[in-house]
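**Student:** From just these sequences and the hints, can you work out the full model?
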Amino acid sequence: MLKLQTGKRPWSFYALSCFFGLFVLFLYGPMSAIYILSFQGPTGGLTFPMNGVSLRWFSALFAQERTGDFAGAFNRSMILAVMVLLLTVAISVVAGLAFRRRFAGSAFVFYLAVASLIMPGLLVGLGVGLTFQTLGVQTKWFASALGAQLTWTLPFGMLIMFAVFSRFNRAYEEAARDLGATNWQIFLWVVLPILFPGMIAVALFGFTLSYDEFPRTLLTSGAANTLPMEIWGMTTNVTSPALYALGTVTTLVSFIAIALALGSIAIIQFRRSRRPVGKETSAKE
Amino acid sequence: MKVSPALTSYLQIGPLLLVLLLFFGIPLLVVIAYSFFQFDGLDSIPAFDFVNYVDVLTSEVTLSLYLKTLYYAVVVWAITLLIGFTVAYFLAFHIQSMIWQMALLLLCTVPFWTSNIIRMISWIPFLGRNGIFNNALIGAGITDEPLEFLLFSDFAVIIAYVHLFTLFMIVPIFNAMARIDKSLIEAALDGGASAWRIIWDIVVPLSKTGIALGSIFVVTLVMGDFFVVKVMSGSQSASVAMAMSNQIAMVQYPPAAASAVILLIVVSLMVAAILRIVDVRKEIAG
Amino acid sequence: MNPGDRRTAERGSIDLAGVTKRFGETTAVKNIDLKIPGGCYCCLLGPSGCGKTTILRMIAGHESPTEGAVLIDGEDVVGKPPIDRGTAMMFQSYALFPHLTCMDNVAFNLKVRGVVKAERRARALEMLDRVRMKSFADRLPAQLSGGQQQRIALARSLITNPRVLLLDEPLSALDEFLRLQMRGELRHIQAEFGITFIHVTHTQMEAIALADMVVVMDQGQIEQAASAREVYDRPRTAYVAHFMGGQNVLGGTVTERRAGTVTIASGKKSITVTAPPSPPAVGARFEVAVRRDRVRLSRAPSEKVDAGVNGVSGRVTAVEYQGTWLKISIEDACSEGFVANVPDGVFFSDPLTIGDPVLAHWDPEQLHFLAAGSGKTSGTATANPTETQTVAAAS
Numbered sequence: 142m143l144k145l146q147t148g149k150r151p152w153s154f155y156a157l158s159c160f161f162g163l164f165v166l167f168l169y170g171p172m173s174a175i176y177i178l179s180f181q182g183p184t185g186g187l188t189f190p191m192n193g194v195s196l197r198w199f200s201a202l203f204a205q206e207r208t209g210d211f212a213g214a215f216n217r218s219m220i221l222a223v224m225v226l227l228l229t230v231a232i233s234v235v236a237g238l239a240f241r242r243r244f245a246g247s248a249f250v251f252y253l254a255v256a257s258l259i260m261p262g263l264l265v266g267l268g269v270g271l272t273f274q275t276l277g278v279q280t281k282w283f284a285s286a287l288g289a290q291l292t293w294t295l296p297f298g299m300l301i302m303f304a305v306f307s308r309f310n311r312a313y314e315e316a317a318r319d320l321g322a323t324n325w326q327i328f329l330w331v332v333l334p335i336l337f338p339g340m341i342a343v344a345l346f347g348f349t350l351s352y353d354e355f356p357r358t359l360l361t362s363g364a365a366n367t368l369p370m371e372i373w374g375m376t377t378n379v380t381s382p383a384l385y386a387l388g389t390v391t392t393l394v395s396f397i398a399i400a401l402a403l404g405s406i407a408i409i410q411f412r413r414s415r416r417p418v419g420k421e422t423s424a425k426e
Numbered sequence: 007m008k009v010s011p012a013l014t015s016y017l018q019i020g021p022l023l024l025v026l027l028l029f030f031g032i033p034l035l036v037v038i039a040y041s042f043f044q045f046d047g048l049d050s051i052p053a054f055d056f057v058n059y060v061d062v063l064t065s066e067v068t069l070s071l072y073l074k075t076l077y078y079a080v081v082v083w084a085i086t087l088l089i090g091f092t093v094a095y096f097l098a099f100h101i102q103s104m105i106w107q108m109a110l111l112l113l114c115t116v117p118f119w120t121s122n123i124i125r126m127i128s129w130i131p132f133l134g135r136n137g138i139f140n141n142a143l144i145g146a147g148i149t150d151e152p153l154e155f156l157l158f159s160d161f162a163v164i165i166a167y168v169h170l171f172t173l174f175m176i177v178p179i180f181n182a183m184a185r186i187d188k189s190l191i192e193a194a195l196d197g198g199a200s201a202w203r204i205i206w207d208i209v210v211p212l213s214k215t216g217i218a219l220g221s222i223f224v225v226t227l228v229m230g231d232f233f234v235v236k237v238m239s240g241s242q243s244a245s246v247a248m249a250m251s252n253q254i255a256m257v258q259y260p261p262a263a264a265s266a267v268i269l270l271i272v273v274s275l276m277v278a279a280i281l282r283i284v285d286v287r288k289e290i291a292g
Numbered sequence: 108m109n110p111g112d113r114r115t116a117e118r119g120s121i122d123l124a125g126v127t128k129r130f131g132e133t134t135a136v137k138n139i140d141l142k143i144p145g146g147c148y149c150c151l152l153g154p155s156g157c158g159k160t161t162i163l164r165m166i167a168g169h170e171s172p173t174e175g176a177v178l179i180d181g182e183d184v185v186g187k188p189p190i191d192r193g194t195a196m197m198f199q200s201y202a203l204f205p206h207l208t209c210m211d212n213v214a215f216n217l218k219v220r221g222v223v224k225a226e227r228r229a230r231a232l233e234m235l236d237r238v239r240m241k242s243f244a245d246r247l248p249a250q251l252s253g254g255q256q257q258r259i260a261l262a263r264s265l266i267t268n269p270r271v272l273l274l275d276e277p278l279s280a281l282d283e284f285l286r287l288q289m290r291g292e293l294r295h296i297q298a299e300f301g302i303t304f305i306h307v308t309h310t311q312m313e314a315i316a317l318a319d320m321v322v323v324m325d326q327g328q329i330e331q332a333a334s335a336r337e338v339y340d341r342p343r344t345a346y347v348a349h350f351m352g353g354q355n356v357l358g359g360t361v362t363e364r365r366a367g368t369v370t371i372a373s374g375k376k377s378i379t380v381t382a383p384p385s386p387p388a389v390g391a392r393f394e395v396a397v398r399r400d401r402v403r404l405s406r407a408p409s410e411k412v413d414a415g416v417n418g419v420s421g422r423v424t425a426v427e428y429q430g431t432w433l434k435i436s437i438e439d440a441c442s443e444g445f446v447a448n449v450p451d452g453v454f455f456s457d458p459l460t461i462g463d464p465v466l467a468h469w470d471p472e473q474l475h476f477l478a479a480g481s482g483k484t485s486g487t488a489t490a491n492p493t494e495t496q497t498v499a500a501a502s
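Chains as they are written, first to last, in our numbering: chain V, 142 to 426; chain E, 7 to 292; chain U, 108 to 502.
For the record, the hints were derived by calculation from the structure and aren't laboratory data. Wrong hints could be hidden among the right ones.
[What the hints assert, rightly or not] To give a feel for the contact side, a few chain E residues facing chain V, derived at Cβ under 8 Å:
1) Y40
2) F42
3) Q44
4) G47
5) V93
6) L111
7) P117
8) I127
9) W202
10) W206
11) I280
It should be emphasised that the depicted structure is a prediction, and the values quoted were computed from it without experimental measurement. Each residue gets a CB set at the ideal place from its N, CA and C atoms; glycine is no exception.
**Tutor:** As structure tokens, this is what we get:
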């Protein structure tokens with residue numbers, strides 16, 4: 142039974158809560174196991190029990206012979222992720238502006254983006270790799286891989302901007318025009334600040350999807366590896382908890398990015414939606 | 007200088023279109039072109055030849071690869087749909103506070119923003135012979151011997167898929183459910199309908215666009231995967247994309263391109279089949 | 108009372124000449140001519156979709172007329188950007204910039220014009236003071252109540268020193284109590300600034316309470332433009348009478364003309380009323396209106412009794428107590444329900460109950476002759492005012 146009146150919750154609420162709890166455990170349980178195992182003692186192996194606690198496997202990451210070029214791969218991944226972030230935000234926002242008007246070919250661009258979104262990543266990587274080879278240009282992580290990753294982040298950015306613009310009240314722009322603002326002033330002082338939380342969300346997608354991207358990058362990054370490819374290499378030839386240490390480090394980076402993004406969105410939304418004191422309305426529907 | 011609205015639109019859509027054409031449209035055409043090239047064991051020779059397609063389509067391996075991949079796709083689709091629907095239903099109809107809804111949805115979403123490979127290998131210490139799961143089973147006295155089938159098996163592959171892709175079901179289904187007018191359900195309750203009837207007659211039909219979108223995501227992700235099946239099956243199983251990645255690793259580009267085109271056609275047919283059942287255009291076009 | 112007499116000299120006069128606006132196939136505004144004197148509080152009144160907001164947006168410069176001219180103080184402003192017109196618009200939900208404080212919202216126009224920060228602050232604070240919102244300068248819009256948001260929106264518009272302030276349903280976002288309060292404030296601010304206010308609304312009472320001039324619209328055309336009293340008391344057409352409410356509209360085909368009287372029939376019923384100076388021909392359509400509160404009721408032996416001139420007879424179908432008066436509905440008199448508003452003292456001296464046969468009479472000077480309207484068959488119009496209002500509010 143659905144809970145529609147206040148009062149006792151139905152049994153199904155508790156059953157579904159348990160189901161949801163188990164699902165969250167399923168999501169996070171295995172992940173937390175490798176975070177713990179990355180602190181494995183020097184003689185510990187890939188599974189429990191823990192043979193002591195140490196940071197040995199983290200320091201092993203920086204020992205070249207064991208794990209390859211971790212520091213270099215990390216740098217490349219970060220730079221690439223920031224480039225993808227900036228391009229995804231900029232291109233998605235202006236594309237979102239374009240889609241507010243009808244124009245000939247808008248459906249084509251839309252379906253092209255959706256097709257790009259659901260295209261198997263390996264195929265995109267193969268295509269970009271072959272294109273570069275045909276043109277006689279070497280694949281590079283900052284060129285071919287960047288482009289291949291954008292075919293995956295831009296459709297997400299576009300769909301998020303659709304959602305953002307669908308809630309954007311055109312009266313804000315008209316009010317600004319009414320007050321004498323030029324098109325550029327309207328965009329800079331009114332549209333951009335109001336869209337800002339949505340842009341952070343796009344940035345989060347751009348950064349994390351690039352930072353962890355594997356199937357599209359595999360065939361397009363050229364001679365130098367990005368971090369996910371380092372990890373991929375390690376899964377096949379490293380049999381020590383250093384693999385987990387690497388997993389812990391990259392997940393930490395992801396978590397920091399997520400926390401920064403969600404935190405700033407939450408702060409902005411909270412500031413903009415705070416009701417006056419004494420007029421507190423309940424969040425319930 | 008005044009720019010006409012139409013020109014403004016094209017200037018604004020230009021960058022997106024350019025990236026998509028350069029890194030998606032043209033590469034796709036290049037793959038199709040390569041699929042007709044000849045391959046002499048070392049080099050790709052430009053030609054217009056169906057030999058790669060003939061090779062792929064007459065190979066006995068192809069059918070078994072597709073059957074295996076489809077098996078994964080169907081099983082994973084069914085499991086993620088069940089979990090995704092249940093979780094979305096719980097969030098949409100049992101959680102009344104918007105803030106809690108968002109918080110719990112984010113809890114499901116956060117892993118999506120972390121590395122798929124890390125999330126996949128995190129199952130290794132869990133499912134291994136001396137893994138957490140086996141130890142727990144032995145500790146609880148459920149089994150004496152560690153279960154061997156947990157890791158490096160179809161079971162492990164499917165578990166990893168479900169772990170990685172369920173979110174792609176939850177979010178679209180939740181979005182669709184969140185738009186269902188709650189008074190419809192109150193009306194049905196007033197009319198004496200049972201909870202099951204309400205789910206089947208109201209919630210499922212009204213969230214079918216979400217179900218279709220989620221299904222498209224999950225099916226295309228599984229059909230295009232090569233690394234989960236490789237690691238989690240311990241190279242004992244294979245998928246279409248994995249076989250293709252092996253061909254690529256051996257620089258057999260024309261045969262790989264032909265496999266890619268065939269895979270693309272199969273995936274497109276599956277997506278088209280889903281779209282034929284449910285029209286999702288309204289949903290994604292906002 | 109006519110605002111045109113004393114205010115034409117003030118700036119901010121509006122002249123719409125032959126204005127038409129089409130959106131693709133649909134025509135939102137049909138060839139409208141309208142003169143609004145400067146310094147006047149003008150309400151554009153009509154159901155949703157009647158074109159009133161389109162007119163407002165064309166004056167503001169957010170839409171361009173398909174045909175015709177928009178003149179402000181005699182100057183054609185079509186094609187000019189809003190700020191060069193000397194107009195300022197207050198949007199329906201105020202459209203306060205959610206990321207800016209009240210101060211920055213009010214100072215937005217000054218920032219656009221490149222006024223230095225210190226002066227911006229000083230002038231914004233001064234304006235905030237005039238709308239009694241100085242102490243809220245550093246709040247964000249979401250932290251304000253609806254009424255406070257409206258005052259900030261007013262301040263933001265007024266700081267541009269406009270000749271004309273355009274208000275799009277300014278009170279619709281407020282609850283009933285605040286609506287009455289802000290209604291008073293709007294009138295007060297208009298008087299203080301002495302500029303033209305053009306206020307779009309679908310609420311009759313709001314228009315009557317506020318406006319010097321009420322423009323009643325329907326389907327892209329002006330039905331009547333006159334003072335509030337005239338629109339309410341002497342509606343030009345049956346549509347206006349229905350929409351404003353408070354009137355009994357009696358209409359039908361003329362069946363007989365006698366000395367000084369006309370008999371009109373609708374269906375099986377007929378009534379006889381005093382004839383206008385130039386009586387209509389037999390067979391023509393003819394409509395009259397009588398205010399509900401100008402009707403006298405008396406008991407009749409049966410509902411079949413002849414009502415004579417300027418009267419109807421019938422049975423009471425509903426009695427609604429309204430406090431100081433009672434609303435008495437009488438069975439179909441001439442094509443629609445006839446209503447008499449009876450003072451409570453008069454009613455309770457001899458209370459009527461449902462089913463009682465009654466006679467309703469009015470003095471000849473209370474009879475008001477309606478124009479044929481703009482091509483509508485107004486006799487059968489569904490425009491029950493309260494219904495129209497609900498529909499408009501819901502859409």
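**Student:** When the structure is checked against the list of hints, which entries are broken? Sort them ascending.
**Tutor:** 2, 3, 4, 6, 9, 10 and 11
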